[in-house]
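Participant: Fit chain B to the known structure of chain A by using the hints.
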Amino acid sequence: MNVAFLLNHAVLNLGKNKGRNILLLGITFAIITAIVVALSIFNATNVVIDETRTSLQSAVRLVSQMQAVGGGQNNTQMIAGNQSQATFTAEELANFANSQFVQGWDLQESPRGTEGIFYLVNPAMLADFEAELRSKGLPENYAVRTDEAAFASIVAPVESLQNLAMTFLVVVVALGAVIMALLSVIAIRERKYEIGVLRAMGLKKQKVAFIIWAETVIITAICFVLGLTAGNFLSQPISDNILAGQLSNAEITATTLAERIANESANGGETPNISGNLQVDIAINFVTAAQILAISLLLASLVGIISVSQITKSEPIKILMERT
Amino acid sequence: MLALKNISYKYEGTNRTIFKDVNLEFSPGKVYTIVGKSGAGKSTLLALLSGLDVATSGEIAYNGENLAKMNRNKYRARQIGMVFQSLNLIPTATALDNIILSMNISGVGGNKPRALELLKTMGISPEKSNRKILKLSGGEQQRIAIARAIAHNPPLIVADEPTGNLDKETESKVLKIFENIAHEQGKCVIIVTHSKRVAAVADEVWHVEKGVFRRFDGTINLPQTQKRRKK
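Going down the list, the protein sequences come from chains A and B.
Just so you know, we're using this note's numbering here: the first sequence kicks off at 1 and counts up by one.
Just so you know, we're using this note's numbering here: the second sequence kicks off at 325 and counts up by one.
Simulated from the structure, these hints should not be mistaken for lab results.
Just so you know, not all the hints are guaranteed correct.
Restricting the straight-line Cα-Cα distance to at most 20 angstroms, the calculated cross-link-like pairs of lysine to aspartate or glutamate (EDC-like) are [as the list claims (entries may be wrong)]: (1) B:334 / A:159; (2) B:344 / B:533; (3) B:444 / B:377; (4) B:334 / A:148; (5) B:436 / B:349; (6) A:192 / B:377; (7) A:313 / B:336; (8) A:204 / B:336.
Covered by chain A, per the in silico footprint, the following chain B stretches (three or more residues, Cβ under 8 angstroms) [stated by the list, open to error]: (9) 416 to 424; (10) 436 to 450; (11) 497 to 503.
Estimated spans, in silico, between C-beta atoms of each pair [said to hold, decoys possible]: (12) B:533 / A:20: 33 to 39 angstroms; (13) B:410 / A:20: 21 to 27 angstroms; (14) B:393 / A:290: 46 to 52 angstroms; (15) A:2 / B:510: 28 to 34 angstroms.
A quick note: this is a predicted structure, and the numbers were derived from the prediction, not measured.
The beta-carbon is built from N, C-alpha and C at its ideal position, and this holds for glycine as well.
For reference, chain A alone in the conformation it holds in the complex (with noise of 0.2 angstroms):
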């Protein structure tokens, strides 16, 4: 007796039965979508966190100390210096471009005057570029800075959604794994005199908790290909959905920033940069669907296990007498 043969009648049982693997299908393929539409949403947010965070830090002003709000701390809100104060000509900022750390610059027109943009090559580097700055002559009452406030208003709802999405996650995971514990104890239950008949001829414990195995393996497999497809159709929407919502409250904050800024600074705040059309694009990737698949088989087999368990307690000529 081989494998071939375990697995050829587990494919047979899954004929069998049909209302209880139905039952389980579906049960299965609404779990599996809940987890790739979570997994999703919550891989496609930490890549718009990273991008944000790589576009967002890496740029970096001049800003005068004098009008730093928040005082001097690194990563407050930062203002480009004002038009009271003397700020850089093009040739200058065209020198403090000059550097290995920068990848690119923009002369920026404002109130305030010519602003330089510089777009490091890695937001690493600030450390170092800020000294070369130093060394090319910048004042002691310019620092530079990151516009970390435009990357927390930016960053917020995409967080939020993160974090909803990994708590659905959890929750998804915990529930699911119950349900199909629940599931499995049932299906034992309605096999017990099956497993029995097989036990009684011979079949060892382990085979008959190889067969039960594969059925469950089979159905999550069959319930990961309609779930990857069908989450990946529900993803977007969900995500757009909540997004919209978790945008409206940031342009809230962002009002509430400006209008501080606007208040603050002697010649008007800047808004920080807020996207009323921020998109996350959703999209199962390869990691997602393995991550998925991993999670499915994980609960197969924890219902794999509960099976072998289940099956250990009874002795076949017990089985078989009760039914008798």
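Facilitator: What follows is chain B alone, placed relative to chain A:
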């Protein structure tokens, strides 16, 4: 082939003794029947012989080896074919699947033509062979259970009331098969029965009462059919 040495058996958790110091021996090439009243312990004896249960004390030796120390899964799968009183077929599987399953578990491998042939010998047509057990009559199910027990060609066959649901004609055919298996193929067939017709085909008939086994001899009231045959 199979020897019971001072076997005693009590139901777990009770003081009810079913057997005490039973000594029996079963040889290949013979049909044995065990008769007795309901509750006398006939089915318990079969459970012990088939390795489904373990005696409270004593030893069952299979070809000289203590059954309690053997791999009883392997013993049940390969050495023994069982016909249970309640048949114990897998109801959701077809007749054919039940036979092939037994072949696979025993390790001889599923052989569909042989399974169909065996079912045909038992009077189950190929069309009925592909029906689920629940869609077959009691008599058909009983014949399938017998076919399953002999499908993997085991040296020892134990059957608990194997003809209870069969009409006389089918019963005779099935008994003939058991006789052939024992006398022509050299296997050991042990049948528990209430039927005098079944007891009549046995080479040895054992009667059990209050846990004591006695062999039928000339002094004991033999079943009618056996008397007639002796004439």
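Participant: Next step is simple, just say for each hint if it's right about the structure.
Facilitator: The hints, checked one at a time:
Annotation: proposed proximity of residue 334 (chain B) to residue 159 (chain A) is violated, straight-line Cα distance about 68 angstroms (limit 20 angstroms). Note on residue 344 (chain B) and residue 533 (chain B): the hinted pairing holds, with a Cα-Cα distance of about 12 angstroms set against a maximum of 20 angstroms. Distance check on the hinted pair: residue 444 (chain B) and residue 377 (chain B) sit about 33 angstroms apart at the alpha-carbon level, beyond 20 angstroms; violated. A threshold of 20 angstroms between alpha carbons decides the hint, and for residue 334 (chain B) with residue 148 (chain A) the separation of about 81 angstroms lies outside it, so the pair is violated.
Between residue 436 (chain B) and residue 349 (chain B) the CA atoms are separated by roughly 36 angstroms; this puts the pair beyond 20 angstroms, and the hint is violated. Between residue 192 (chain A) and residue 377 (chain B), the direct Cα distance comes to roughly 18 angstroms. Compliance with the 20 angstroms bound is thereby established for this hinted pair. Between residue 313 (chain A) and residue 336 (chain B) the alpha-carbon distance is near 16 angstroms, which keeps this suggested pair within the 20 angstroms criterion. For the hint pairing residue 204 (chain A) with residue 336 (chain B), the CA-to-CA distance comes to about 24 angstroms; that exceeds 20 angstroms, so the pair is violated.
Against chain A, the region 416 to 424 of chain B contributes 3 residues with a C-beta closer than 8 angstroms to a partner C-beta. That satisfies the three-residue criterion, and the hint holds. Figure legend: the region 436 to 450 of chain B, annotated as covered by chain A; annotation inconsistent (0 residues with Cβ-Cβ distances under 8 angstroms, at least 3 required). For the region 497 to 503 of chain B, the assignment as covered by chain A is violated, since 0 residues bring a beta-carbon within under 8 angstroms of that chain's beta-carbons and 3 are needed. Take residue 533 (chain B) and residue 20 (chain A): their Cβ atoms lie about 46 angstroms apart, and the range 33 to 39 angstroms is violated.
For the pair residue 410 (chain B) and residue 20 (chain A), the supplied restraint of 21 to 27 angstroms holds, since their beta-carbon distance comes to about 23 angstroms. Separated by about 48 angstroms at the C-beta atoms, residue 393 (chain B) and residue 290 (chain A) satisfy the suggested range of 46 to 52 angstroms. For the pair residue 2 (chain A) and residue 510 (chain B), the beta carbons lie near 30 angstroms from each other, so the given range of 28 to 34 angstroms is met.
Going down the numbered hints, you'll see the structure goes against 1, 3, 4, 5, 8, 10, 11 and 12, while the others check out.
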